[in-house]
Amino acid sequence: MTPILFVLAVGAVSLAGGFLGSLLGLGGGLIVVPVLTLLLHVDIRVAIGASIVSVIATSSGAAAAYVRDHLANMRVGMFLEIGTTLGAISGAYLAGIVPPRLLFVLFGLVLGYSAIAMLRGRRTSTEGVRVGPWARVLRLRSSYYDDAAGEEIVYQPVRARIGLFLMYIAGTVSGLLGIGSGALKVPAMDLAMELPIKVSTATSNFMIGVTAAASAGVYFTRGQIDPFVAAPVAIGVLTGAFIGSRTLGRISSRAVRSTFVVVLILVATQMLVKGVRG
Amino acid sequence: MNEPRWVDTAISNLLRGGVICSVTVIALGLTVSFVHHHEYLTSRSALGTLTRSARYPNTIGAVVRGVAAGQGQAIVMAGLLLLIATPVARVAFSIVVFGIEHDRMYMLITAAVLTILLVAFWVGAASG
Chain A
1 MTPILFVLAV
11 GAVSLAGGFL
21 GSLLGLGGGL
31 IVVPVLTLLL
41 HVDIRVAIGA
51 SIVSVIATSS
61 GAAAAYVRDH
71 LANMRVGMFL
81 EIGTTLGAIS
91 GAYLAGIVPP
101 RLLFVLFGLV
111 LGYSAIAMLR
121 GRRTSTEGVR
131 VGPWARVLRL
141 RSSYYDDAAG
151 EEIVYQPVRA
161 RIGLFLMYIA
171 GTVSGLLGIG
181 SGALKVPAMD
191 LAMELPIKVS
201 TATSNFMIGV
211 TAAASAGVYF
221 TRGQIDPFVA
231 APVAIGVLTG
241 AFIGSRTLGR
251 ISSRAVRSTF
261 VVVLILVATQ
271 MLVKGVRG
Chain H
1 MNEPRWVDTA
11 ISNLLRGGVI
21 CSVTVIALGL
31 TVSFVHHHEY
41 LTSRSALGTL
51 TRSARYPNTI
61 GAVVRGVAAG
71 QGQAIVMAGL
81 LLLIATPVAR
91 VAFSIVVFGI
101 EHDRMYMLIT
111 AAVLTILLVA
121 FWVGAASG
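These protein sequence lines are chains A and H, in that order.
Quick note on the working numbering: the first sequence kicks off at 1 and runs consecutively.
Quick note on the working numbering: the second sequence kicks off at 1 and runs consecutively.
None of these hints come from the bench; they were simulated from the model.
Since we're looking at a predicted model, the values are computed, not measured.
There could be a bad hint or two in this list.
Stated by the list, open to error - To be clear about the criterion: a stretch of chain H counts as covered by chain A if any three or more of its residues have a C-beta under 8 Å from a C-beta of chain A, and this derived list gives those stretches:
{"#": "1", "region": "12-21"}
{"#": "2", "region": "110-121"}
As the list claims (entries may be wrong) - Listed next, with one range per pair, are the computed distances between beta-carbon atoms:
{"#": "3", "chain 1": "A", "residue 1": "V154", "chain 2": "H", "residue 2": "C21", "range": "51 to 59 Å"}
{"#": "4", "chain 1": "A", "residue 1": "P34", "chain 2": "H", "residue 2": "G48", "range": "17 to 25 Å"}
{"#": "5", "chain 1": "H", "residue 1": "V64", "chain 2": "A", "residue 2": "L39", "range": "18 to 26 Å"}
{"#": "6", "chain 1": "A", "residue 1": "Y113", "chain 2": "H", "residue 2": "W6", "range": "51 to 59 Å"}
{"#": "7", "chain 1": "A", "residue 1": "F165", "chain 2": "H", "residue 2": "T59", "range": "34 to 42 Å"}
{"#": "8", "chain 1": "A", "residue 1": "R161", "chain 2": "H", "residue 2": "T115", "range": "39 to 47 Å"}
{"#": "9", "chain 1": "A", "residue 1": "I116", "chain 2": "H", "residue 2": "T59", "range": "45 to 53 Å"}
{"#": "10", "chain 1": "A", "residue 1": "E152", "chain 2": "H", "residue 2": "R65", "range": "50 to 58 Å"}
{"#": "11", "chain 1": "H", "residue 1": "A62", "chain 2": "A", "residue 2": "R120", "range": "51 to 59 Å"}
{"#": "12", "chain 1": "A", "residue 1": "R136", "chain 2": "H", "residue 2": "N58", "range": "26 to 34 Å"}
{"#": "13", "chain 1": "A", "residue 1": "S252", "chain 2": "H", "residue 2": "R65", "range": "31 to 39 Å"}
Even glycine gets a Cβ: it sits at the ideal position worked out from N, Cα and C.
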């Protein structure tokens with residue numbers, strides 16, 4: 001393969017990754033890393049560096065639209081970022097102490113459980129859930145206009161402290177395993193904080209860039225960011241995220257939810273396989 | 001219930017600006033690489049050295065020197081660094097925005113996030 005073909009191929013794959021990632025609140029590394037390593041024979045270290053770039057590109061590319069359209073809840077995002085960034089530091093310290101294989105198995109199981117819980121769905125009405133003092137003081141209540149449903153959706157996030165704790169765990173995991181923690185962030189916002197699914201994926205998108213930026217510096221210093229691989233990834237993902245962020249409002253919440261569950265099962269399987277095979 | 005309109009617009013524009021700047025610089029760097037190395041369009045062996053070498057600039061100084069020398073790889077790297085800086089700039093900018101809105105609680109929350117983020121960079125630099 002010639003370098004120009006390589007750039008075009010990586011760009012095309014990244015476009016798909018950015019599109020899917022921006023809809024589901026994931027970084028896009030899910031598609032980019034296996035294609036780079038298995039199909040294009042790129043070194044795994046370089047592929048991981050490119051996936052960090054992909055996470056940041058998905059996040060910034062999509063969040064510009066999500067913030068404007070109120071699909072991302074900025075207050076929820078900024079409050080929860082305290083947890084993810086603290087977790088990133090813990091992860092950096094724990095790396096080397098905790099065996100990664102055990103973690104892959106553990107989080108494969110957690111994600112598998114989340115997928116089943118999300119599949120079963122939750123109560124459709126949040127009435128009856130007491131709004132705790134944290135969610136009230138933090139003024140997390142918000143609304144967005146849902147293009148697919150054709151109405152303004154008003155929602156009240158609950159269990160802010162549990163959400164913060166889960167984000168700390170998500171941040172630690174992404175620091176330890178170098179994987180996008182969007183797969184953990186979305187179920188935490190969906191199941192614990194009871195946000196609408198589109199708000200969960202859009203807010204996850206808003207946050208993952210900050211978590212990834214915290215570790216991107218290390219990858220840069222270690223020489224894991226290969227400009228020739230990362231450039232087509234960045235351009236492709238940004239284009240995909242741009243298209244995706246204009247699509248999320250128009251597709252039904254049901255479709256977003258089921259697609260997310262399918263992808264979550266894939267990620268959980270991938271992690272379990274990694275953990276068992278080593 | 002929601003933030004005032006201008007807050008959303010300002011933060012959205014900052015993110016869009018960062019993304020547009022970085023993608024322009026990255027595309028420019030890629031173009032420069034291909035113009036300098038015509039063999040990239042035809043050679044099959046050139047790819048191996050591009051995806052396996054460990055000689056990419058990995059300090060800010062090296063990137064700046066490379067950009068000054070007009071190297072495509074260094075220009076791409078400068079664009080990637082702009083991309084990485086965008087979420088950090090968003091957090092820093094939010095402190096100012098909430099300050100203007102006299103929203104002291106969210107000013108404190110975003111300031112805490114920025115502090116933790118800077119500590120994370122420092123911890124990362126020490127361990128990396």
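Violated constraints from the hint list, given by number and in increasing order: 3, 5, 6, 8, 12, 13
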